[in-house]
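**Q** Knowing the structure of chain A, use the given hints to seat chain B on it.
Chains as they are written, first to last, in this note's numbering: chain A, 1 to 474; chain B, 1001 to 1371.
FYI, nobody ran anything at the bench for these hints, they're computed from the structure. This list has only true hints and no planted wrong ones.
Below 25 Å or equal to it, Euclidean Cα-Cα: the simulated SDA-like pairs (lysine to any residue) are:
id: 1; chain 1: A; residue 1: K382; chain 2: B; residue 2: Y1329
id: 2; chain 1: B; residue 1: K1105; chain 2: B; residue 2: I1026
id: 3; chain 1: A; residue 1: K379; chain 2: B; residue 2: I1243
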Amino acid sequence: MSEHTQPTLTTALAILQQSEYDCAQFSDWWERNQSKKISQIEPEKWTPKLRLVFYVCSLLFFLPIQVKVCFAAKLARIPEWFIATYKIQKAIAKLREAQRNGLVVVAVAGSYAKTSTKHWVYHLLHKQISVLHTDKSINTPLGIAETISTKLTKDHQLFIVELGEYYQGDITKLAKIVNPDFGIVTPIGHQHLERMHSITTIAETIGELVSFFVEKKQKLELDTDQDLPVLVAAENKPYFDTLFSSIPLKYYGSNSKTTKQNLHWAITKSTVSKSGTEVTVQGPTPEDSISFFTPLYGEHQATNALPAFWLVQELAKKKSNEQVQLSLEKVAQAAATMPYIPQRHQPHFAANDVLILDNSYNTNPESFAASLTLLNQLKPSKRFVITLGFVELGSATDAMHEKLGKQLAKNADYVGIINSQHASHIKDSFESAGGKASHIVIADTPESCMAALQPHVTPGSVILFEGGYREVLV
Amino acid sequence: MSKTNKNSKLAVLFGGITVEHEVSVITAVQLMKHARGNYDVIPVYIDKSGKWWTGEALFEVAYYKQQDLFNPTGLESFAITPNPDSNEIDVAILCFHGQYGESGKVQGILEAAGIPHQGPGVTSAAICFDKIHVRQILKAEGINQPEYIWFTQDQWKSDEKQLVENIKNKLTYPVFVKPANGGSTVGIQKVDDPKNISEAITQALTFDTRIIVESGITDCIEINVSVLGYPGKSQASVPEQPISQDEFLSYADKYERGSGKKTGMASASRRIPAPISAGTTQKIQELAQKVFTILGCSGVVRIDFFVNPSTEEMFVIEPNTIPGSMSFYLWEATNLPYPALIDQLIEIAYTRHEQHAHLTQSYESNIFDNK
Chain A
1 MSEHTQPTLT TALAILQQSE YDCAQFSDWW ERNQSKKISQ IEPEKWTPKL
51 RLVFYVCSLL FFLPIQVKVC FAAKLARIPE WFIATYKIQK AIAKLREAQR
101 NGLVVVAVAG SYAKTSTKHW VYHLLHKQIS VLHTDKSINT PLGIAETIST
151 KLTKDHQLFI VELGEYYQGD ITKLAKIVNP DFGIVTPIGH QHLERMHSIT
201 TIAETIGELV SFFVEKKQKL ELDTDQDLPV LVAAENKPYF DTLFSSIPLK
251 YYGSNSKTTK QNLHWAITKS TVSKSGTEVT VQGPTPEDSI SFFTPLYGEH
301 QATNALPAFW LVQELAKKKS NEQVQLSLEK VAQAAATMPY IPQRHQPHFA
351 ANDVLILDNS YNTNPESFAA SLTLLNQLKP SKRFVITLGF VELGSATDAM
401 HEKLGKQLAK NADYVGIINS QHASHIKDSF ESAGGKASHI VIADTPESCM
451 AALQPHVTPG SVILFEGGYR EVLV
Chain B
1001 MSKTNKNSKL AVLFGGITVE HEVSVITAVQ LMKHARGNYD VIPVYIDKSG
1051 KWWTGEALFE VAYYKQQDLF NPTGLESFAI TPNPDSNEID VAILCFHGQY
1101 GESGKVQGIL EAAGIPHQGP GVTSAAICFD KIHVRQILKA EGINQPEYIW
1151 FTQDQWKSDE KQLVENIKNK LTYPVFVKPA NGGSTVGIQK VDDPKNISEA
1201 ITQALTFDTR IIVESGITDC IEINVSVLGY PGKSQASVPE QPISQDEFLS
1251 YADKYERGSG KKTGMASASR RIPAPISAGT TQKIQELAQK VFTILGCSGV
1301 VRIDFFVNPS TEEMFVIEPN TIPGSMSFYL WEATNLPYPA LIDQLIEIAY
1351 TRHEQHAHLT QSYESNIFDN K
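Looking at chain A on its own, in the form it has when it is part of the complex (with noise of 0.2 Å):
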């Protein structure tokens, strides 16, 4: 076990990978702990771009840590820079000769369930089309441009491409460079207030795709009657009735979150048990209801299956000379199959009818809630949720950790808090909204929380763990 020390150069190499080469954020994490014993912390990856980072650090051995890091960071963005539009343009010419060839590409974008959706379009298409994704949450010009390059084949006829945004512009670029036939954007939430201040400037980046595709539409001189390529999620309407007042888009959802919206593509029923998930889902028609069964857990999860459906019929249309011809009966049945998302609401079965869910991958307001949904809707004999809280929500963390810990309250029977700042206000929280003092731990790490409380653990329980720990570090 490493000994707890000042920050050093590996730990400051490690933070500023995590804030993904933010100096802004590194600077503001240092500023904190600097002066702190703490382990020293191994960056994930030893990418090129970090070693470059390392070397000159090395160099600049007789500067504070946080200047010298700084300065590398911006230093390695020149041959970066160089390196990736040389990859990104090679990248280009090489998908725009495939779209000529036939390839249909799929944009998504959002705050969150980019990564899900994928998966689900991809795993309710791949047997009847050949279809390529993005890997994890690659979402970046340069993961997309070594996507394109080193696994896209003349073979594919689907290709989806996740967009991911940290700035206003973001997604504009990506478009650009992938140029998309149609486009779907999942939730807006809270996720990167921090770096982009108010969620109207999030909903106006992710915004961008649709404002590209009205661009294109413009640019092609399209039939104003002519429908947006774009399916958006129903979560988003509030903001795009605003910033796109003119335009009528097309979404889906649930409709029991959204009675009041006519869905393009909506979820009429859901019934969620241990086996997984019961769903029934109505298109544009009457003709268009449609069940399946997923063994994914929880509503939210297959409403991210919806997308599939509308792009089956939106390539019915596109491809109606050619012999591609898609089955929604197919796609549903695909559903039973649908792997497990790592890190998303991920089941481990454990010993004596103990399920733990793995939502760690990120967690958000708005994430977090459907996650205690999910958790009351299995029925377990203990309801455990272990979460370290939310992260990158600037000036609305307070008040949504002070939620948080109400929502628990009423929602788990024992917490556990990975601690970091914010995790006295949540057992505060937490408390004062009548959750018992002795079933709310705050511990250093995920499994001391777990380890705290394990002897509550019953035959039946459900061990909910929220968000990731990671994050705690930046």
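**A** Structure of chain B alone, referenced to chain A:
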């Protein structure tokens, strides 16, 4: 009067000359623990050399850990006589796994002695224990199952080349090579490459003189369902999905799993209920009951399937007439606690016995009286 007389002298028979001896001991000890409060339980242990014993010590797992199971000490010899009404046993539950007690032999002894037991009876037990016979009967009844080829040791010796060719032409690799008789997954091998088939068959022939080779099934998950009852009256349990570390359930997977740690807790070895839809669940339960009836099963049986969750295509893999732990965990998940499951097994034993007693088995008249 209820058939499950709480004062019944209940013999629990287990052990025997089998590679699954220890598993049988665990099944029996679990069952006796839940039966003792309600019945006068008589443990009947058959050691690894085939001798029958009884004694108080047999109720505890610790006893078996301390003993040479070929020659246990501190027990009384036990025997069953075939003379009617000469045994101090009202009813029996068999907890054997493997050839010795699962293939019909012990069932025959009990039936000759007129002792009710949960079943299946001799014929069904023998058929269900023979993978080739099960395949042939299910094929005749139009039940979906993997394609197969079977042959004897002599046929293999005389015509190995032709049989390898037949396997290649008729079946789809990977294939599973199985000894015809043998419980659990002892001797079963998965063969991915045709060049390894001869070696696998040669190895399987050390377990039995008759071999069955089956096509592998793709895009499927393993689903098990337990059926409780007797032909004509049965119920199916909630389905389970075994959680395997290996590609298919090996002996080690089934019985020697370590405590895989996940957040400090041992991993489950099965998922109950299985991750299939309500519609698929109902269909597989109905199919399990159908197979149970076709094979003439009774008692508590577990039938293993491969199921494609998307297409709902189902393949019968095998019946287990005395499943590990009597599949009590599936019945608990079906709202039937273990003591109630034992009550039902005893009720089934008496019902079967009475049904057979009412059958015409002899005539009053004596042909020797005819002149």
